[in-house]
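Visitor: Chains A and B, in that order, are what the protein sequence lines are. Heads up, the first sequence is in the numbering used here, so the first residue is 1 and it goes up one at a time. Heads up, the second sequence is in the numbering used here, so the first residue is 1 and it goes up one at a time.
Treat the hints with care, since some could be wrong.
Claimed, not checked - Label-pair ranges, simulated between beta-carbon atoms:
no., chain 1, residue 1, chain 2, residue 2, range
1, A, Leu86, B, Val90, 46 to 56 angstroms
2, A, Ile90, B, Ala111, 37 to 47 angstroms
3, A, Pro37, B, Ile87, 32 to 42 angstroms
4, B, Pro120, A, Leu23, 24 to 34 angstroms
5, B, Val90, A, Ile90, 56 to 66 angstroms
6, B, Phe61, A, Leu22, 25 to 35 angstroms
7, B, Asn52, A, Glu47, 50 to 60 angstroms
8, B, Phe61, A, Val80, 50 to 60 angstroms
9, A, Leu171, B, Gly94, 19 to 29 angstroms
In short, the hints are calculated from the structure, not lab data. Source: prediction; values computed, not measured. Glycine included, each C-beta is placed from N, C-alpha and C at the ideal position.
Below are the chains, spelled out letter by letter.
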Amino acid sequence: MQLTDRELWTLIHGMVLGALFLLAFGGGLAGLWSLRPKLVTGDGVTERTPRLLIGTTVMAVVAWLTVITGTWIVYPWYRVAPPEGLDLAIQSAELKEFPRYWLLASEETAKWHEFGMEWKEHVAWLAPFLATAVAVTVIYYGAQLIRHGEMRRAALVFLTLAFAAAGIAGLFGALITKSAPVA
Amino acid sequence: MDNSHAEPTPIETSPVELKPNGPVAAVFLAAGIASLVLGLFVVLNEFSPDINSFLKFDANFGLGSGVGPLSGKVALAVIAFVASWAILFVLWRGKEVDFRRVLIASLVLVALGFLLTFPPVFLAFES
Numbered sequence: 001m002q003l004t005d006r007e008l009w010t011l012i013h014g015m016v017l018g019a020l021f022l023l024a025f026g027g028g029l030a031g032l033w034s035l036r037p038k039l040v041t042g043d044g045v046t047e048r049t050p051r052l053l054i055g056t057t058v059m060a061v062v063a064w065l066t067v068i069t070g071t072w073i074v075y076p077w078y079r080v081a082p083p084e085g086l087d088l089a090i091q092s093a094e095l096k097e098f099p100r101y102w103l104l105a106s107e108e109t110a111k112w113h114e115f116g117m118e119w120k121e122h123v124a125w126l127a128p129f130l131a132t133a134v135a136v137t138v139i140y141y142g143a144q145l146i147r148h149g150e151m152r153r154a155a156l157v158f159l160t161l162a163f164a165a166a167g168i169a170g171l172f173g174a175l176i177t178k179s180a181p182v183a
Numbered sequence: 001m002d003n004s005h006a007e008p009t010p011i012e013t014s015p016v017e018l019k020p021n022g023p024v025a026a027v028f029l030a031a032g033i034a035s036l037v038l039g040l041f042v043v044l045n046e047f048s049p050d051i052n053s054f055l056k057f058d059a060n061f062g063l064g065s066g067v068g069p070l071s072g073k074v075a076l077a078v079i080a081f082v083a084s085w086a087i088l089f090v091l092w093r094g095k096e097v098d099f100r101r102v103l104i105a106s107l108v109l110v111a112l113g114f115l116l117t118f119p120p121v122f123l124a125f126e127s
């Protein structure tokens with residue numbers, strides 16, 4: 001039982017970082033949602049602020065790591081061109097080594113690239129920008145965030161948008177990998 | 001002594017000096033600007049073969065290998081994020097700004113980013 005380099009990196013990109021992002025999002029969402037004067041005491045704010053700070057910071061860092069590993073490590077394996085002479089119109093075993101071209105070789109699978117991958121590779125990059133804004137808000141205000149309802153709500157909106165962007169990318173990543181794995 | 005029923009500490013209600021919102025507004029707007037820049041280059045990449053060639057930062061500037069024009073699109077978006085954040089931070093440091101307006105502008109820019117990175121939209125500009 002062993003993993004190839006490609007399998008290891010797709011695992012790190014999709015499952016390790018993806019699971020961390022999901023966990024951090026859950027913590028960040030719960031923390032920001034409940035950070036209201038009528039819901040928490042002074043002790044409660046003191047107790048949960050570090051957790052909120054860690055959750056949102058981890059989410060931002062993980063978002064950056066996910067898109068960087070995806071773009072510069074996994075994506076080149078996906079789009080590498082096959083050698084000349086290989087028939088690009090038949091989904092052969094040889095062509096399976098070149099996922100982008102394998103998907104495009106059949107009308108039944110072409111949309112996974114033309115829609116799925118084209119959307120995934122771009123929309124994913126919105127997540128780190130949005131998640132960074134949330135993390136900076138929490139780092140800057142700390143426990144004071146409970147007094148800034150407008151900031152807290154803005155952070156919640158950006159956190160949710162970051163999750164939506166990452167969710168679209170993650171979903172298509174999983175579906176495309178199922179159809180044409182880079183490993 | 002059992003403290004399990006101790007009275008919870010209420011939130012401090014006395015006036016305290018709140019931090020100005022400028023630095024946070026700066027990062028929100030920077031995120032919006034970066035989203036728009038990404039979307040614009042996604043569209044321009046389809047629109048012009050020259051821009052498509054320019055955006056291959058992996059081949060042109062050694063930014064990775066085999067990434068293609070995606071390397072340029074995301075590099076320029078990251079540069080836009082860092083640069084606009086730095087400029088806005090300097091401009092708004094220590095200041096209180098109209099955050100509602102900043103947030104609305106940021107959300108419009110982010111929405112444009114989402115829209116322009118949606119394949120049926122940017123592929124409509126394919127040359």
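Visitor: Hint by hint, which ones does this structure get wrong, listed from lowest number up?
Guide: When the structure is compared with the hints, numbers 8 and 9 turn out to be violated.
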